[in-house]
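*Asks:* The residues making up each chain are set out below.
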Amino acid sequence: MPATTVPDATTADGALLVLAIVLPVVGILLSFVLGGRCAERIAGVLLPAGLGVACIVFLKVWQGGEPLIYTVGGWQPPLGITLRADGLSVAMMVAMAIVICLIGVFAHANFGSRAASIETRAPLVFWVMLMAISGAMNMIFIGGDLFTLYVALELLTFAAVPLVCLDGRAETLQAALRYLLFALLGSILYLIGTALLYGSYGTLDIVLMSQRVHLEPATLAAATLMTVGLFAKTALFPLHLWLPPAHAGAPAAASAVLSAVVVKGSFFLIVRLWFDVMPGLLSVAASQLIGVLGASAIICGNIVALRQKRLKLLIAYSTVAQIGYLFLMFPLAFSADPLHLQYGDALTGGMLQAISHATAKAAMFMAAGLVYAALGHDQISELGGIARALPMTMFAFGLGGLCLIGLPPTGGFLAKWLLLEATIATGQWWWAIVITAGGLLTSAYIFIVLSRAMGPPSAPLTLHAAVPKYQEVAALGLALLSVMLGLVALGPIDVLQVGRPEAPMVQLR
Amino acid sequence: MNAATLFGLCGAALVGIGLYGLITNPEPLRKILAFNLLGSGVFLLFGMIARRAAAAGLGGDPVPQAMVITAIVVAFAATAMAVALVQRLADETGQASISSDSSGAVNGEGKS
Numbered sequence: 057m058p059a060t061t062v063p064d065a066t067t068a069d070g071a072l073l074v075l076a077i078v079l080p081v082v083g084i085l086l087s088f089v090l091g092g093r094c095a096e097r098i099a100g101v102l103l104p105a106g107l108g109v110a111c112i113v114f115l116k117v118w119q120g121g122e123p124l125i126y127t128v129g130g131w132q133p134p135l136g137i138t139l140r141a142d143g144l145s146v147a148m149m150v151a152m153a154i155v156i157c158l159i160g161v162f163a164h165a166n167f168g169s170r171a172a173s174i175e176t177r178a179p180l181v182f183w184v185m186l187m188a189i190s191g192a193m194n195m196i197f198i199g200g201d202l203f204t205l206y207v208a209l210e211l212l213t214f215a216a217v218p219l220v221c222l223d224g225r226a227e228t229l230q231a232a233l234r235y236l237l238f239a240l241l242g243s244i245l246y247l248i249g250t251a252l253l254y255g256s257y258g259t260l261d262i263v264l265m266s267q268r269v270h271l272e273p274a275t276l277a278a279a280t281l282m283t284v285g286l287f288a289k290t291a292l293f294p295l296h297l298w299l300p301p302a303h304a305g306a307p308a309a310a311s312a313v314l315s316a317v318v319v320k321g322s323f324f325l326i327v328r329l330w331f332d333v334m335p336g337l338l339s340v341a342a343s344q345l346i347g348v349l350g351a352s353a354i355i356c357g358n359i360v361a362l363r364q365k366r367l368k369l370l371i372a373y374s375t376v377a378q379i380g381y382l383f384l385m386f387p388l389a390f391s392a393d394p395l396h397l398q399y400g401d402a403l404t405g406g407m408l409q410a411i412s413h414a415t416a417k418a419a420m421f422m423a424a425g426l427v428y429a430a431l432g433h434d435q436i437s438e439l440g441g442i443a444r445a446l447p448m449t450m451f452a453f454g455l456g457g458l459c460l461i462g463l464p465p466t467g468g469f470l471a472k473w474l475l476l477e478a479t480i481a482t483g484q485w486w487w488a489i490v491i492t493a494g495g496l497l498t499s500a501y502i503f504i505v506l507s508r509a510m511g512p513p514s515a516p517l518t519l520h521a522a523v524p525k526y527q528e529v530a531a532l533g534l535a536l537l538s539v540m541l542g543l544v545a546l547g548p549i550d551v552l553q554v555g556r557p558e559a560p561m562v563q564l565r
Numbered sequence: 034m035n036a037a038t039l040f041g042l043c044g045a046a047l048v049g050i051g052l053y054g055l056i057t058n059p060e061p062l063r064k065i066l067a068f069n070l071l072g073s074g075v076f077l078l079f080g081m082i083a084r085r086a087a088a089a090g091l092g093g094d095p096v097p098q099a100m101v102i103t104a105i106v107v108a109f110a111a112t113a114m115a116v117a118l119v120q121r122l123a124d125e126t127g128q129a130s131i132s133s134d135s136s137g138a139v140n141g142e143g144k145s
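Protein chains in written order, with this note's numbering: chain B, 57 to 565; chain H, 34 to 145.
In case anyone wonders, no lab produced these hints; they're calculated from the structure. Each residue gets a CB set at the ideal place from its N, CA and C atoms; glycine is no exception. Hints are all accurate, no fakes.
Okay, the calculated bits of chain B under chain H, using three or more residues with CB under 8 Å as the criterion:
| # | region |
| --- | --- |
| 1 | 203-217 |
| 2 | 235-242 |
| 3 | 245-259 |
Now the stretches of chain H that chain B is said to cover, found in silico as 3 or more residues with beta-carbon under 8 Å:
| # | region |
| --- | --- |
| 4 | 71-79 |
| 5 | 118-124 |
Go ahead and model the full structure; you've got the sequences and the hints to work with.
*Replies:* The structure is reproduced here in structure tokens:
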């Protein structure tokens with residue numbers, strides 16, 4: 057194996073990475089110091105600032121073609137901690153920052169606290185946790201060693217669980233407790249893996265470890281434990297039981313964050329683990345097994361979603377299905393021919409699916425929240441006439457749905473097309489059937505909802521509450537973004553390959 | 034069998050017992066206790082790994098010790114949060130359970 061030196065010196069502009077993590081933390085501390093009524097104003101300044109930082113980092117990495125690196129305190133690995141932003145990190149950072157900012161705009165109506173004369177609990181918790189999620193996600197994207205990633209993962213859990221039970225009803229408390237127990241199991245399994253890997257290789261730095269890692273029982277055990285733990289956190293098919301009640305029970309803005317952003321954190325760690333920490337170590341059989349889990353998630357999630365009576369539960373089960381697509385990239389990337397690991401198409405398709413699902417799903421949860429606010433319920437069978445009352449909302453829902461189905465020119469189309477191309481390139485036609493069948497099932501439930509919404513109302517429609525225009529605009533904006541992601545192929549899609557070796561380390565096999 | 038191996042085996046046994054308890058016990062409070070047992074096993078594993086550096090002539094490897102302190106703090110925070118949730122759930126419904134069937138019954142009783 058080629059002995060490469062570690063590019064571990066702080067690069068120019070590396071300090072921007074620190075800023076990306078520290079800004080939300082400053083916001084959280086300030087919110088507690090200044091009190092709940094200021095929390096929204098602080099988030100309103102710091103979340104866009106975080107988006108700005110993410111955009112600058114993205115431009116630097118894209119133009120420079122080199123990852124940005126910051127060694128904390130000047131300590132070199134293996135002892136020190138590095139922050140490292142490569143192509144995958146910056147693409148996810150920008151996408152998640154945009155989604156979080158638009159969710160912030162949407163949440164102003166529910167958690168706005170400027171006008172209130174007394175401080176209330178829910179707005180403070182919501183804005184603090186939104187900032188905490190943005191900081192934890194940035195840390196997951198740019199953390200350079202496995203233990204930092206563990207801390208970031210726990211931070212993400214601790215920020216996500218309170219969002220589930222924001223309204224304090226018994227069933228959401230129960231959903232939050234179940235989510236917390238699943239998440240704790242997941243992160244402790246990840247921690248065992250970290251301990252085993254440190255015991256074997258004496259380092260936790262991703263770059264150093266990728267050079268030292270080799271196939272042995274401890275590595276295999278560590279990799280299996282970490283992957284299963286992260287599956288539980290990402291809600292991959294047999295471990296998805298916590299997701300639908302947690303995501304469907306939360307307030308609309310919180311559901312959007314949980315479904316669009318939070319599950320992507322642990323998914324990103326799985327990608328890091330298999331593509332960066334242990335490149336080439338995933339055996340064909342194991343990758344097929346992951347693919348089977350993903351495929352079952354797509355089929356089962358979609359069928360259960362078809363049978364739902366409530367709109368929010370339908371969208372939550374559709375998240376279970378869409379997560380399945382993310383895991384199809386593993387069998388496609390680690391194809392049977394060890395000399396030609398097909399990293400490119402499958403990895404790009406998987407990441408694009410993660411990003412386009414984030415924008416589309418956030419838009420759909422927002423639309424469902426607006427429908428709920430307007431009607432006072434979200435029974436799919438009684439949606440008649442809502443498309444006439446809230447045209448912009450239902451348009452956003454429809455566009456998000458198109459992206460989930462994968463119709464051109466949406467981001468979902470491009471992602472699924474890249475995955476399909478990878479199935480052809482690697483000769484694994486059976487995944488192509490799953491991808492196509494999943495698209496058909498998705499289109500079935502999207503059209504059921506849309507046809508109900510456009511049908512005549514059973515009784516004259518009375519709206520419980522007026523829906524603010526800017527909330528509809530936020531949902532529509534996210535939906536339009538998910539459509540325009542299909543055009544990303546013309547531009548910065550090559551940024552995903554920055555910082556990863558041209559030829560993967562096949563010698564490790 | 035030297036001390037490091039013994040501690041390693043103890044850690045592995047604790048992890049096994051904790052994992053079993055976390056998966057099979059239906060009560061949230063017992064699940065939280067099992068999670069702590071599992072956590073203790075992992076911390077012992079870290080201690081064992083730190084002790085193995087003694088072979089190189091050092092008293093012990095400081096990196097796993099630093100990690101274990103962080104992990105203990107995280108596990109403590111997680112336990113506090115889980116207990117708070119259980120407490121709140123018990124206040125709301127009169128009993129704490131995470132199976133959705135019983136909650137429906139409890140909610141029904143609460144309303145009637």
